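> Protein chains in written order, with numbering that gives the first Met the number 0: chain A, 0 to 315; chain B, 0 to 315.
Treat the hints as calculated values from the structure; they're not laboratory data.
It should be emphasised that the depicted structure is a prediction, and the values quoted were computed from it without experimental measurement.
Where hints are given, some of them may not hold.
Same chains, same names: a pair is fine if it fits in one copy or spans any two.
Said to hold, decoys possible - Each computed DSS-like pair below joins lysine-lysine, with the alpha-carbon atoms no more than 25 Å apart:
| # | residue 1 | residue 2 |
| --- | --- | --- |
| 1 | K42 | K309 |
| 2 | K17 | K6 |
| 3 | K309 | K275 |
| 4 | K309 | K73 |
| 5 | K42 | K1 |
| 6 | K122 | K275 |
| 7 | K309 | K122 |
| 8 | K42 | K6 |
| 9 | K122 | K34 |
| 10 | K34 | K17 |
| 11 | K309 | K17 |
| 12 | K34 | K297 |
| 13 | K309 | K6 |
| 14 | K42 | K275 |
| 15 | K297 | K6 |
| 16 | K73 | K275 |
| 17 | K17 | K275 |
| 18 | K297 | K122 |
| 19 | K1 | K275 |
| 20 | K1 | K297 |
| 21 | K297 | K42 |
Number of protein chains: 2
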Amino acid sequence: MKANIEKVLRGDQLAGAKLIRMLEEGDPSGIEGLKALYAHTGKAFVLGITGAPGSGKSTLITHIITELRRRNMKVGVVAIDPSSPFSGGAFLGDRLRMRRHTEDEGVFIRSMATRGHLGGLSKTTCETVMVLDAMGYDIIIIETVGVGQAEVEIAEFAHTKIVVCLPGMGDEIQAMKAGILEIGDVFVVNKADAPGADDLVAQLRGMLEMGAIPQDAWHPPVLTTVAVNADGIVELVNAIWSHRRYLLDSGAFNRHNFEQTFQLLRRLVMEMAADKIFSGSDESTVHQTLLEAVNNRKIDPFTAAETLVKDLYGNI
Amino acid sequence: MKANIEKVLRGDQLAGAKLIRMLEEGDPSGIEGLKALYAHTGKAFVLGITGAPGSGKSTLITHIITELRRRNMKVGVVAIDPSSPFSGGAFLGDRLRMRRHTEDEGVFIRSMATRGHLGGLSKTTCETVMVLDAMGYDIIIIETVGVGQAEVEIAEFAHTKIVVCLPGMGDEIQAMKAGILEIGDVFVVNKADAPGADDLVAQLRGMLEMGAIPQDAWHPPVLTTVAVNADGIVELVNAIWSHRRYLLDSGAFNRHNFEQTFQLLRRLVMEMAADKIFSGSDESTVHQTLLEAVNNRKIDPFTAAETLVKDLYGNI
């Protein structure tokens with residue numbers, strides 16, 4: 000294991016993939032590996048790219064990778080969208096475009112195909128980002144579909160959040176009203192040569208202006224791309240860079256990282272406490288007795304949970 | 000509060016709405032209300048209806064409500080999809096169709112518009128279902144978009160899970176491969192008069208057969224509907240009833256309820272333990288010191304979390 004960790008720190012892709020697989024499978028040695036890696040994390044810049052299936056975000060990402068490689072950055076990708084070409088649900092064109100990246104040592108692509116417990120998706124994503132960070136990738140791109148609460152929150156984990164929209168998607172705007180508009184740092188209208196693109200740009204700018212952003216805060220730009228032709232990619236990467244500069248200069252970067260650390264620590268504490276409280280499947284244990292009582296409506300779950308936490312608190 | 004609880008138990012919609020709002024806002028009296036209600040829950044049958052935005056599931060639901068009312072059932076609806084007409088993102092036709100239900104005392108519709116922490120969505124949904132259950136609704140319908148991990152897991156909370164698909168949606172099938180296929184108890188091909196409907200039905204049946212379901216287990220039927228004409232609704236409600244019968248006869252109903260009780264209790268325990276451990280914002284507290292140390296990479300988050308849980312375990 001120790002030899003493997005040293006390989007991961009040197010950026011060995013096979014060793015990295017092996018560690019990520021261990022973490023996905025819940026192998027305890029995986030966590031031991033992360034403990035050893037943790038001191039080497041915190042250097043990567045995390046980019047979240049979110050958009051409905053079919054918005055062309057995977058094609059966009061392949062071009063962003065090319066541009067970032069041109070700027071001499073190592074790039075990691077974590078794909079959440081199960082229909083993403085990065086996850087194997089690929090269209091031939093995408094696969095061909097991506098081939099040059101999969102053969103490039105400076106690019107590492109992982110897809111989170113598994114769907115576990117609630118929070119399982121964000122847990123594995125967070126751990127995978129840690130591994131990629133320790134491996135020395137400068138930029139880590141997280142690709143998510145823009146629907147779903149867990150998915151939106153994974154995007155929030157990123158330093159810069161890019162929202163990809165398509166002309167003529169009415170549902171898209173509906174979904175945005177419900178939360179995606181607030182999380183975007185950069186908006187991209189892809190397929191900008193399609194009818195309705197100008198309208199969508201105007202609509203987005205209008206909605207963003209309604210938000211009345213303070214003058215010294217970040218004003219999310221609305222950019223246009225035609226991903227299949229790689230049009231607008233340089234401008235997009237420049238916008239990401241401007242946002243990164245803004246985060247660093249305003250102190251928002253450090254605040255974001257601190258908040259993410261807190262969320263991680265809180266999640267770990269919750270899991271460990273629950274594991275302790277629910278350990279042992281013997282029917283005579285307090286938690287089994289209380290669970291039966293709740294199930295039979297003899298006691299309410301809130302009072303039962305208070306008792307269990309108090310019990311952990313009081314004993315030993 | 001006590002007077003309000005009695006009203007909720009009598010099915011008073013204003014009192015129910017008030018309690019749900021308190022729970023959404025995290026008002027502690029809301030939880031006190033749930034404690035008092037809990038003994039009266041566990042009677043409702045929960046129906047999960049999931050499908051991509053635009054699959055027509057809201058229209059389907061309005062017709063299902065009509066059919067259930069005809070069978071003399073009281074129906075509650077909890078809508079999660081932010082683009083759902085139930086959540087206010089309505090198309091005029093849907094709104095008109097729904098009007099007769101909103102004026103019916105035997106129907107109660109709530110939409111979960113808020114998006115809180117990870118797990119916040121499922122928490123509020125679970126609490127709202129409890130309130131509707133205690134109010135005496137026989138059937139509670141949860142409407143979710145079929146994308147997103149939290150949304151899929153909310154659907155899993157239901158006794159019968161209905162997956163709505165549309166002909167010509169390639170992405171739909173992709174998403175199903177990634178998990179939705181496994182959760183469906185009843186599949187509905189809506190807009191069955193559109194081209195490609197027969198193909199989709201055949202495709203779905205083929206995929207389900209590949210799953211090699213044991214002979215005495217439930218075999219999910221694939222039904223067809225044309226929701227705008229209310230075609231196929233009686234057959235759909237009959238299929239739900241067959242599944243309910245199967246669950247009751249096989250013992251799966253009780254197992255499902257027990258598992259849901261366990262998940263609820265575990266979630267409550269996690270939250271209470273974390274609240275205890277992270278209480279106090281004084282910089283000298285152990286959790287603040289450890290959080291700083293993790294953020295500065297002086298200690299890894301796993302070791303820090305272990306220390307915090309042990310601390311709670313050991314002291315007082």
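> Confirm or reject each hint.
Verification of the hints:
no. : hint         : result
1   : K42 to K309  : neither (40 Å within a copy, 30 Å between copies)
2   : K17 to K6    : within (11 Å within a copy, 58 Å between copies)
3   : K309 to K275 : both (13 Å within a copy, 10 Å between copies)
4   : K309 to K73  : neither (49 Å within a copy, 40 Å between copies)
5   : K42 to K1    : within (22 Å within a copy, 55 Å between copies)
6   : K122 to K275 : both (19 Å within a copy, 22 Å between copies)
7   : K309 to K122 : between (27 Å within a copy, 22 Å between copies)
8   : K42 to K6    : within (18 Å within a copy, 57 Å between copies)
9   : K122 to K34  : within (15 Å within a copy, 31 Å between copies)
10  : K34 to K17   : within (16 Å within a copy, 47 Å between copies)
11  : K309 to K17  : neither (40 Å within a copy, 31 Å between copies)
12  : K34 to K297  : between (43 Å within a copy, 11 Å between copies)
13  : K309 to K6   : neither (44 Å within a copy, 33 Å between copies)
14  : K42 to K275  : neither (33 Å within a copy, 32 Å between copies)
15  : K297 to K6   : between (55 Å within a copy, 22 Å between copies)
16  : K73 to K275  : neither (40 Å within a copy, 42 Å between copies)
17  : K17 to K275  : neither (28 Å within a copy, 37 Å between copies)
18  : K297 to K122 : between (35 Å within a copy, 22 Å between copies)
19  : K1 to K275   : neither (28 Å within a copy, 36 Å between copies)
20  : K1 to K297   : between (51 Å within a copy, 20 Å between copies)
21  : K297 to K42  : between (52 Å within a copy, 15 Å between copies)
Checked against the numbered hints listed earlier, the structure breaks hints 1, 4, 11, 13, 14, 16, 17 and 19; every other hint is satisfied.
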